[in-house]
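Student: Letter by letter, the chains look like this.
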Amino acid sequence: MSIAWKEIKKNKMRFFILGSIIFLVSLLTFIISGLANGLSQDNASLIKDLPSGYFYMNSDAEENYNLSRIDHSVQEQMVSKHKDAVAFSIEMGFLNDESDKQRSVAFVASTDSRLFESVAPGEIILDRSLKKEGVKVGDTLTLKPFNEPLVVKRFVDQKKFSHAPVAYLNMEDYKQMYRAEEMQLLFIPGENSTQNFKGLQSFSNKDFLNTIPSYSAEQMSLNMIVWFLIVISGMLFGIFFYMMNVQKIGLYGILKAIGVKTSNLFKMMWTQMLFITILSLTLSVGFSQLFNKVAPEGMPYHLTNETTLQLSIVFLVIGFIGATLSGMQIKKVEPLQAIQQGEV
Amino acid sequence: MDIFTIDELRKTFTNGDMKEEILKGINLTLKEGEITALVGPSGSGKSTLLTIAAGLQPASDGNISFNGHNLTSMTAEQMRRIRAKKFGFVFQFAHLVPFLTVQEQLDLMLDVSEANMKKEKREQEIDYILDRVGLSHRKQAYPSSLSGGEKQRVAIARAIIHNPQILFADEPTASLDSKKSKEIMSLIRYLTKTLNITTLMVTHDEEMLSYVDHVVKMSDGRVV
Numbered sequence: 001m002s003i004a005w006k007e008i009k010k011n012k013m014r015f016f017i018l019g020s021i022i023f024l025v026s027l028l029t030f031i032i033s034g035l036a037n038g039l040s041q042d043n044a045s046l047i048k049d050l051p052s053g054y055f056y057m058n059s060d061a062e063e064n065y066n067l068s069r070i071d072h073s074v075q076e077q078m079v080s081k082h083k084d085a086v087a088f089s090i091e092m093g094f095l096n097d098e099s100d101k102q103r104s105v106a107f108v109a110s111t112d113s114r115l116f117e118s119v120a121p122g123e124i125i126l127d128r129s130l131k132k133e134g135v136k137v138g139d140t141l142t143l144k145p146f147n148e149p150l151v152v153k154r155f156v157d158q159k160k161f162s163h164a165p166v167a168y169l170n171m172e173d174y175k176q177m178y179r180a181e182e183m184q185l186l187f188i189p190g191e192n193s194t195q196n197f198k199g200l201q202s203f204s205n206k207d208f209l210n211t212i213p214s215y216s217a218e219q220m221s222l223n224m225i226v227w228f229l230i231v232i233s234g235m236l237f238g239i240f241f242y243m244m245n246v247q248k249i250g251l252y253g254i255l256k257a258i259g260v261k262t263s264n265l266f267k268m269m270w271t272q273m274l275f276i277t278i279l280s281l282t283l284s285v286g287f288s289q290l291f292n293k294v295a296p297e298g299m300p301y302h303l304t305n306e307t308t309l310q311l312s313i314v315f316l317v318i319g320f321i322g323a324t325l326s327g328m329q330i331k332k333v334e335p336l337q338a339i340q341q342g343e344v
Numbered sequence: 345m346d347i348f349t350i351d352e353l354r355k356t357f358t359n360g361d362m363k364e365e366i367l368k369g370i371n372l373t374l375k376e377g378e379i380t381a382l383v384g385p386s387g388s389g390k391s392t393l394l395t396i397a398a399g400l401q402p403a404s405d406g407n408i409s410f411n412g413h414n415l416t417s418m419t420a421e422q423m424r425r426i427r428a429k430k431f432g433f434v435f436q437f438a439h440l441v442p443f444l445t446v447q448e449q450l451d452l453m454l455d456v457s458e459a460n461m462k463k464e465k466r467e468q469e470i471d472y473i474l475d476r477v478g479l480s481h482r483k484q485a486y487p488s489s490l491s492g493g494e495k496q497r498v499a500i501a502r503a504i505i506h507n508p509q510i511l512f513a514d515e516p517t518a519s520l521d522s523k524k525s526k527e528i529m530s531l532i533r534y535l536t537k538t539l540n541i542t543t544l545m546v547t548h549d550e551e552m553l554s555y556v557d558h559v560v561k562m563s564d565g566r567v568v
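Line order of the protein sequences matches chains A and B. By my numbering, the letter at position 41 of the first sequence is numbered 41, and the numbering carries on one by one without gaps. By my numbering, the letter at position 200 of the second sequence is numbered 544, and the numbering carries on one by one without gaps.
If you're looking for bench data, these hints aren't it; they were derived computationally from the structure. Please note that a few of the clues may not be correct.
Unchecked claim - Derived BS3-like pairs: lysine-lysine, alpha-carbon spacing no greater than 30 Å straight-line:
| # | chain 1 | residue 1 | chain 2 | residue 2 |
| --- | --- | --- | --- | --- |
| 1 | A | Lys248 | B | Lys430 |
| 2 | A | Lys136 | A | Lys101 |
| 3 | A | Lys206 | A | Lys81 |
| 4 | A | Lys12 | B | Lys463 |
| 5 | A | Lys6 | B | Lys463 |
| 6 | A | Lys331 | B | Lys430 |
| 7 | A | Lys248 | A | Lys6 |
| 8 | A | Lys261 | B | Lys483 |
| 9 | A | Lys9 | B | Lys363 |
| 10 | A | Lys6 | B | Lys429 |
| 11 | B | Lys463 | B | Lys537 |
| 12 | B | Lys495 | A | Lys261 |
| 13 | B | Lys429 | B | Lys463 |
| 14 | B | Lys495 | A | Lys6 |
Using the sequences and the hints, build the whole thing.
Tutor: Next up, the structure:
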C-alpha cells in the first residue's frame, strides 16, 4: 500500500472535504454545461442534428437565410449531381388549434430527403413538445395568416429551431402558402470541402449556425459562463491542492532528510490528486446524468458524453497543474529547515 | 578503524555584506562502532557541524571522507543515496510521519533504503528492532497515541532499521525528561554497540556523556 493511500486512509476527513469541493464545483460545471447545451439544442437542434456537410445560400442574402433564394436551375443541378443534397426553407410562423389557441412554430419544407421528414399535402409533422401541450395526431391545425387547414400526421423527437418547435410542411403547400417558387437553402451532407457554385455562398454546419439570428449571441454568453466556471473551478482546484501540500512542507522536508526521492514525493502528491479528482468526477458525472432524469419537464438540459469527457479531461489537467505547481514548493524545501522547525 | 574523517571543514554564512564564519577549520575522525559526542555552548557550531557531516547542508570549504569517498564533491542525488542507505538520523524531535503506524514508519525506511527484502524478512526485521526498543506492543499505534519517549524510541528504530554505518543524532534527548533521556541514551548505546554502528551526536547535557566513547568540545567554531 503506497504512502499516498495511507495518508488518505488516515486523514479521511481532510480528503473528504477536498473531494467534496471538487465534486460540487465539477457538478456545477457539468450542470451549467448541460443547460447551455440544452439551450443550444433548443435553439437549433434541427440544424445541429444534421450530419456535417455544407450549407449554401444566395450570395446576395448577406448571410441571412430569410433573404436567400436558390435559383431553381441551380437547385436542380445540385440535387441531381449529389444524391443526398436537399433544398429546404425555414419560416417562423403560427399554428392555431381547434380552440383557436395560437402556437409559435418554425415551418420547415424540403425536397425529398432522408434528412427531413417527408410530408403529404395537407398534412403536418410536429415536434413532440407540442404533443405535451395537448396537440394530438389527427387534429386539424390552421396555419396563420393563410388559414390553411393542416392535419397532424405524427410527432418527431427534439426538432427545434430558434427555440420554437419545428413543423414539417409539404414543399408544395409551403410554396403555395408563402408564394415562394424557390427554396432558401441547399445542404450537401458528407462533404469534406466546400464547392464553388456561382452566386452561392457556402457555410459549414458551425458557420451556418452562427448565421441564425440570436444563436451566436446566446451561445457566446453561455460559453462564456461555462468557461468562466471552468477557469474558476481550475483556480479553486489549484488553490486547494496548493494549500494541502503547503501544510505538509515540514513532513516533506523530513522525508527528504531520511532519503526519500523528490520524485517519489511528486508521485505521492499526483496519486492523491488523481484519486480524489477521479472519484469526485465519477460522482459528479453520475449526479449530472441523474439530473437529466429528474430535471423538470421542459427544462432544456443536454449533456453529451463527449462534453462530459472533455470537461473531465480539463478538470484532470487543471488538478494536475495545480498539484504540480504546489509541488514546486516540495522541490525547494530544505530538509534542514524542516528539521529546525520542530515537530510536524 | 577510521570510517569518517572531517578535514579543515569551514562554514560561512553570508547575510548581505556581513559574513559570519560558523566553523573555522574543523578536523575530526570517527572510529567504527564508537560513539562521539559534540559538546559546547550554544552557537559553538556543533549542530552545524553535525548537519554538514550528515549531508543536510553543504560546507563552504574542507573535505569529508566516508569509507574513502569524498562527500563534499558528491551530487545531491549521490548524497541522498548515501543518506538513505548508509546514514541514520535521530533529531531533537521524533519527526515521525503522522499518518503511518509504528510498523509502517519502519517499513517506509526499508523502502527508502532500497532494502531488497521479502515481506517475511521485512516483518522479522521490524519485529526484531521493535523488540530491541521495547515497542513490540505498539506496532500498530499511530504517533499521535505515543508518549514523547515512545516517539523517540520509534525514531531510533527508524534510524537503524536499515542497518546504517553511521547514526547522526542531534540532541536526541533534548525534548525528554531526565529519566527518559537516560533510557534513550542507554538504548542508543546498546543498539549501536550491538549493531556496530558509528555514532556522532550533539548534546548539551553533561549527564549523557557517560554513555559515549569520545567527547569533542567545541567553542566558537573550533574544536578545543
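Student: Could you run down the list of hints and mark each one as holding or not?
Tutor: Now for the hints, and whether the structure bears them out:
1. Lys248/A - Lys430/B: holds, 26 Å
2. Lys136/A - Lys101/A: The hint holds at about 14 Å.
3. Lys206/A - Lys81/A: holds, 24 Å
4. Lys12/A - Lys463/B: holds, 27 Å
5. Lys6/A - Lys463/B: holds, 18 Å
6. Lys331/A - Lys430/B: holds, 23 Å
7. Lys248/A - Lys6/A: holds, 15 Å
8. Lys261/A - Lys483/B: holds, 26 Å
9. Lys9/A - Lys363/B: violated, 48 Å
10. Lys6/A - Lys429/B: Since the Cα atoms of Lys6/A and Lys429/B sit roughly 24 Å apart, the hinted pair holds (cutoff 30 Å).
11. Lys463/B - Lys537/B: Cα-Cα ~27 Å, so holds.
12. Lys495/B - Lys261/A: holds, 24 Å
13. Lys429/B - Lys463/B: holds, 19 Å
14. Lys495/B - Lys6/A: holds, 19 Å
Hint 9 alone, counting from the list given before, is not met by this structure.
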